[in-house]
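Enquirer: This is what each chain is made of:
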Amino acid sequence: MKRFQLAGLVAILMCAPHAFAQTKAASNAATVEELKKFDHDWLDAEKRLDIDYCEKYFADAYVLVFPNGQTYTKKEWLGILKGPDHPTITFLVPEDIKVHLHGNVALITDHTTLKGHDSKGGSMDGVFNVFRVVTKQDGVWKATGVVMNAIAAKK
Amino acid sequence: MKSVYRLAAGLVAIVATAAFALGQTPKKMGNMMSHEDVAGTIAVMDHIWLNAARNNDAGAAAWLFADDFVEIHPGGDIVDRTQQIDQIKDSSRSFDEIHPDDIDVRYIAPDVAMLLDTTTIRGLQGGVNYGGKYKVIRVFVKDQGRWRAIGAGIAPITP
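Protein sequences, first through last, are from chains R and D. If you're matching positions, the first sequence starts at 1337 in the numbering used here and goes up one per residue. If you're matching positions, the second sequence starts at 538 in the numbering used here and goes up one per residue.
These are computed hints drawn from the structure, not numbers from a lab. Just so you know, not all the hints are guaranteed correct.
[To be verified] Within a straight-line C-alpha distance of at most 27 Å, the following computed DSSO-like cross-link-like pairs (lysine-lysine) qualify:
(1) D:670 x R:1410
(2) R:1372 x R:1472
(3) D:670 x R:1411
(4) R:1372 x R:1451
(5) R:1372 x R:1456
(6) R:1392 x R:1411
Let the sequences and hints guide you as you build the complete structure.
Expert: Structure (structure tokens):
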């Protein structure tokens, strides 16, 4: 009888690492969904010029690289968004979002469609493949880096 | 009877410790370097990365790139680890020059680093001229005690 009890206990304990792995996989899947939502929320905030959101969810180290290689720090980019010469964005939607999760950092690639114009009325329309870096800081995911690459000519 | 319980208690301790160690070991190892050490190490990794590209050194690239590596090239092509290594070892590809300048390690955590650099390229791939300057974000993680590249985004600097 005791042997059966011991065998049962051993079997349960042997399953513990497997259960741990399954729990971790489920946790990763939830984080991937959380980051896909973050990608949408982030672009929605930029579209509606929500500076408070960007201040909160952009890391201090944030850097944005435009398709022409022009770079902006967090201070520079948010200065543009809240300044008198801010762009007007009418459509900013990421699709085909893929999340590469590595613990406290995730790389997100997406296919972003942008429609809008700059303060002088110049078209900003374009389709981009975008590389995004998101880091977890004090338990909060923050936008930390962006590189945009145009995959269709701007018209 | 007592020996059965002692054996069971021992098994519980071993399994519980193993599961805990699985989750904790890399993070503890990541705390051993100072901020300055990490920035210096990451700058060196940047040079190793581009030297591998210049020398068609697939072995160095394989050593450097993490399994889930991803890179977005100028023009928007997205490549994974295997595709990037294949491109590095492609004999039709010839870079006379490829090096990073203005390396700015913008974010450092115990197990994560992100840099921005200006990469200069002079060379051809498949007859296509890739010469020019590029702004590049490169990201590294500390995995099992050593830094590995997990990805990069590259945009050409155009007038």
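Enquirer: Would you mind marking each hint as holding or not holding in the structure?
Expert: A quick look at each hint next to the structure:
1. D:670 x R:1410: holds, 23 Å
2. R:1372 x R:1472: holds, 14 Å
3. D:670 x R:1411: holds, 25 Å
4. R:1372 x R:1451: holds, 21 Å
5. R:1372 x R:1456: violated, 33 Å
6. R:1392 x R:1411: holds, 13 Å
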